[in-house]
Amino acid sequence: MSAPGTLKEPVLYLALVHAPVRNRRGEEIAAAITNLDLHDLARLACTYDLPACYVVTPLQDQQELAHRLMHHWLHGVGSRLHPDRERALRRLRVRATLEDVVADVERECGRAPFLWATSARSSGADVEPAEARLILETTGRPGVMVLGTGWGLAERVWRLCHGTLRPVEGRSDYNHLSVRCAAAVLVDRFFRDSSPPAL
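Its first residue numbered 1, the sequence shown is counted upward by one per residue in full-length UniProt numbering.
Each hint should be verified, as a subset may be incorrect.
Claimed, not checked - DEER-style ranges, computed between Cβ atoms: (1) Asp49 with Thr139: 12 to 22 Å; (2) Pro83 with Gly163: 33 to 43 Å; (3) Cys181 with Arg24: 16 to 26 Å; (4) Arg80 with Glu155: 36 to 46 Å.
Calculated from the structure, these hints are not laboratory results.
Every residue, glycine too, gets a C-beta built ideally from N, C-alpha and C.
Make a model of the complete structure from these sequences and hints.
This is the structure:
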């Protein structure tokens, strides 16, 4: 039984950050929104019953692009041709900053969320997805898995996060998964791993 004031089930959100992120030289940039990212992460959120996947960009033209894509599938011809896709894209929310995401989640859940950054490289102090789930279960706080486009999250985004999820490790030294693939693996591990390490 959950303690008073805690959530009965762990509540996890996704946040796909397009700015600020890094380019291959480590410089801070704003990455473009892609139709594929929005579709696949919306499907992921719907499959695992996550409340929302946030699309984070401060650029007005990119926000408008995201809203146009969403409108097509939610209210246009796309909603009639592909109702399953319409159902998934209802999970998308567009926000300007990660701080806006935090405020949104806190307003919705009544408590400030834990933020976990993701990366293809280990920070040396990574949290297993199952351990992150246990933290949510024991504290009753929601969580946000923060994903970066481009070549990863900018340093100032990292500073907003409370920890880092352990990167996906394959069976070879190849380490170039798309953000969509990595997100799917991490979300599945978050919910399916049944034996989190001792805290």
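Here is what the structure says about each hint:
no.: 1; hint: Asp49 with Thr139: 12 to 22 Å; result: 20 Å, holds
no.: 2; hint: Pro83 with Gly163: 33 to 43 Å; result: 38 Å, holds
no.: 3; hint: Cys181 with Arg24: 16 to 26 Å; result: 19 Å, holds
no.: 4; hint: Arg80 with Glu155: 36 to 46 Å; result: 44 Å, holds
The structure meets every hint from the earlier list without exception.
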